[in-house]
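K.L.:
Residues per chain, in single letters:
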Amino acid sequence: MSGSVTLRGRPELYTDYAADQALLNTPVKRRVTLLLGLAAVVTPFLLGRDLTTLLTTVFIYAIGALGMNLISGYAGQVSLGHAFFVGLGAYTAAFVGGEATTSLRGLGLELWIWLPMAGLVPAAVGFLVAPIAARVRGLYLAILTLGLVFIGDHVFKEARTFTGGAGIGRRAAAPVVAGMDLSRRQEILGFTIEGATLFYLVCLVLLVVMAIGARNLARSRAGRAFAAVRDRDIAAEVMGVALTRTKVLAFTVSSFYAGICGGLLAITFGVVEPATFNLLLSVDFLAMVLIGGIATVSGSLAGAAFVVLLPRIVQTYAHYMPGISRGSTGGGVLTVFQLEAILFGALIVAFIVLEPRGLYGLWLRMRNYWKAWPFSY
Amino acid sequence: MDDLLTVLVRGLAQGSVYALLAAGFVVIYRATDVVNFAQPALMVLGAYFTYLFVRPLGLPFPVAVLLAIGAVALIGALAERIALRPMVGQPPFSAAMVTVGLFLVLTIVANRLIGSNVLTVGDPWQLDTAVFAGNVRMRIADGWRIGLTAAAFAGVGLFLARSRVGLAMRATSLDQEVSLAQGVNVGRMFGLSWALAGGLAGLAGMMVGSGGMGVDHTTAFIALKALPVIILGGLDSLKGAYVAGLIIGVAEAFTRANAATLSGYVGSNVDVVVPYVIMILVLMVRPYGLFGTPEVQRV
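Residue numbers (the numbering used here), protein chains in the order written: chain Y, 7 to 383; chain A, 3 to 301.
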């Protein structure tokens with residue numbers, strides 16, 4: 007590309023659109039991304055099994071948060087049905103990847119079949135539901151999609167041969183590729199890699215692929231259509247954006263992300279129980295988007311990390327606070343779980359009131375401060 | 003036939019509770035364009051205060067109910083002042099998420115107050131039943147539910163239609179800036195509508211706990227049924243809330259009464275899903291519910 011010459015010492019001078027829209031359009035972004043990538047690869051070898059699993063959970067939730075951000079952040083269609091699609095992905099994975107037993111159906115296939123299926127089946131359902139959802143707007147849409155969660159909950163509980171039924175659930179599919187279980191200890195090229203570490207790396211790679219996919223979608227024609235529909239749908243339609251088609255695309259892609267998230271999440275849970283995929287899970291995803299930053303990929307990752315790590319942080323430091331009991335019942339003013347829920351609620355409120363752009367907005371403020379330092383603006 | 007009527011009455015009673023909860027949503031939505039997801043928590047607090055005033059404090063039941071309604075109304079107004087007032091001018095979804103946060107906090111508080119027991123609200127009619135019109139059996143509590151809800155709707159409707167403050171509230175819901183320019187204290191109207199919604203939720207809490215049902219930490223989930231009700235009726239229509247509440251209540255009662263027949267086809271506990279199915283079917287035909295005002299948009 008002849009036009010994309012970045013001049014030395016003028017890193018933010020763009021001479022064409024492609025350079026401006028590049029994934030990593032500044033040298034700092036390139037360096038930071040490289041460093042973060044290296045750190046992410048090295049981290050599991052330094053941490054214990056417990057923390058590695060926790061970070062893996064962060065990555066998996068981040069995939070779901072990306073999907074939530076595509077539909078609610080980029081396309082502006084606030085959906086509370088995300089938990090349903092996550093659950094559908096989890097059970098598709100368990101059905102395609104799990105072994106058949108006397109009471110459960112299963113196909114017993116490997117990861118490279120069940121993982122795409124875990125995304126495609128929710129995507130297909132999303133594609134079918136989307137035309138109905140595209141008819142309603144705003145809060146009507148939020149509660150319509152909330153209906154999906156309740157209907158899904160019922161279906162999950164009743165389809166016992168697929169899901170194991172209420173209160174029981176079924177085991178998640180094992181991540182097996184070519185006979186090798188990616189969540190168990192393996193010898194690869196002479197190195198012994200722990201199961202937790204291996205699965206961490208698998209999820210990291212998947213997250214990076216999905217994040218780049220989301221970013222690329224967002225900066226393409228489809229992504230610009232999403233933004234136009236979000237900002238003013240009628241104006242977008244007048245300008246030639248096919249409204250229903252754009253909304254259907256957003257729903258389908260978002261459901262695909264949710265499904266992949268569900269398939270992987272099932273593995274960290276071990277056993278998938280229908281009650282997991284309830285309204286609160288949807289609210290968690292919405293909180294990740296709001297706390298992380300609406301319509302930003304990095305915000306989705308930060309939001310997922312925040313929401314997943316918050317309970318652990320509260321549990322770790324709870325005993326330094328007076329009046330907090332550790333168990334589920336106890337003599338303190340509050341239990342750990344109640345403190346956690348209160349903090350979660352209060353943080354959502356605080357972020358929306360004080361920094362609506364979320365963690366991404368905090369980062370922008372910090373960056374702009376140091377960029378202009380020692381001047382205040 | 004008698005069985006049919008019995009189920010119908012039970013459905014109408016259950017539907018009345020939903021309608022009352024939905025009315026709280028509608029009142030707040032009309033005034034502030036916010037869907038208040040904290041309504042279930044307010045309802046549980048209403049039930050708790052009724053218990054508190056009747057049992058430990060020993061007040062007569064009607065006085066206790068009125069005091070509980072007042073207490074929840076106060077909590078509603080406070081919540082609006084602290085958490086929602088800074089959200090004026092923000093997108094409705096941010097405000098809705100704030101109410102979700104409020105819900106989490108208030109639920110914890112309510113559960114902490116209730117503890118692990120089932121509390122009775124101390125209503126005088128408990129499990130009593132009456133037989134009328136030949137052979138139709140009705141619980142006294144159901145009769146009170148239907149009657150009080152109808153009275154509450156009439157009261158709120160009259161208040162909004164006839165009183166000076168009601169006129170100001172309607173003006174606020176029509177256009178906040180214009181009513182501000184006409185001398186309406188818009189902030190006070192917001193607080194008032196939250197107090198009104200809180201009061202309605204408090205009354206609904208008493209009803210949910212009455213008839214031998216009691217209150218425990220799962221009671222808040224009953225109020226989630228009000229969400230399909232408000233969408234079915236239309237977010238900004240009090241009439242819609244009442245009609246849709248009764249429709250959903252009756253549909254649920256009939257599904258539950260025929261659960262044994264239905265379970266072979268669609269599984270057990272299908273009455274949980276019925277409200278949402280009705281809601282989705284109606285939304286396919288009428289995107290703004292039965293009585294909701296279609297949003298007029300300019301580009």
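Hints are supplied without guarantee of correctness; some may be wrong.
What the hints assert, rightly or not - Here are the simulated distance ranges between beta carbons:
{"id": "1", "chain 1": "Y", "residue 1": "Gln321", "chain 2": "A", "residue 2": "Gly266", "range": "23 to 33 Å"}
{"id": "2", "chain 1": "Y", "residue 1": "Asp237", "chain 2": "A", "residue 2": "Pro64", "range": "47 to 57 Å"}
{"id": "3", "chain 1": "Y", "residue 1": "Gln321", "chain 2": "A", "residue 2": "Pro64", "range": "22 to 32 Å"}
{"id": "4", "chain 1": "A", "residue 1": "Gly216", "chain 2": "Y", "residue 2": "Ser382", "range": "43 to 53 Å"}
{"id": "5", "chain 1": "A", "residue 1": "Val287", "chain 2": "Y", "residue 2": "Val34", "range": "51 to 61 Å"}
{"id": "6", "chain 1": "Y", "residue 1": "Thr107", "chain 2": "A", "residue 2": "Arg57", "range": "28 to 38 Å"}
{"id": "7", "chain 1": "A", "residue 1": "Thr295", "chain 2": "Y", "residue 2": "Ser109", "range": "43 to 53 Å"}
{"id": "8", "chain 1": "Y", "residue 1": "Leu134", "chain 2": "A", "residue 2": "Asp4", "range": "16 to 26 Å"}
As the list claims (entries may be wrong) - A few chain Y residues that don't get close to chain A, going by computed Cβ distances all over 10 Å:
{"id": "9", "residue": "Arg16"}
{"id": "10", "residue": "Asp26"}
{"id": "11", "residue": "Leu44"}
{"id": "12", "residue": "Arg55"}
{"id": "13", "residue": "Ala148"}
{"id": "14", "residue": "Gly153"}
{"id": "15", "residue": "Glu164"}
{"id": "16", "residue": "Arg230"}
{"id": "17", "residue": "Ala347"}
Keep in mind that the hints were calculated from the coordinates and are not lab data.
Owing to the predicted nature of the structure, the values given are computational and were not obtained by experimental measurement.
The C-beta atom is built at its ideal place from N, Cα and C for all residues, glycine as well.
K.L.:
Are the hints correct? Go through all of them and say.
P.N.:
These are the hints, each one checked on the structure:
no., hint, result
1, Y:Gln321 x A:Gly266: 23 to 33 Å, "violated (45 Å)"
2, Y:Asp237 x A:Pro64: 47 to 57 Å, "holds (53 Å)"
3, Y:Gln321 x A:Pro64: 22 to 32 Å, "violated (46 Å)"
4, A:Gly216 x Y:Ser382: 43 to 53 Å, "violated (60 Å)"
5, A:Val287 x Y:Val34: 51 to 61 Å, "holds (54 Å)"
6, Y:Thr107 x A:Arg57: 28 to 38 Å, "violated (51 Å)"
7, A:Thr295 x Y:Ser109: 43 to 53 Å, "holds (51 Å)"
8, Y:Leu134 x A:Asp4: 16 to 26 Å, "violated (43 Å)"
9, Arg16, "holds (37 Å)"
10, Asp26, "holds (28 Å)"
11, Leu44, "holds (36 Å)"
12, Arg55, "holds (31 Å)"
13, Ala148, "violated (7 Å)"
14, Gly153, "violated (4 Å)"
15, Glu164, "violated (3 Å)"
16, Arg230, "holds (18 Å)"
17, Ala347, "violated (5 Å)"
In summary, the structure is inconsistent with hints 1, 3, 4, 6, 8, 13, 14, 15 and 17 from the numbered list given earlier, while agreeing with the others.
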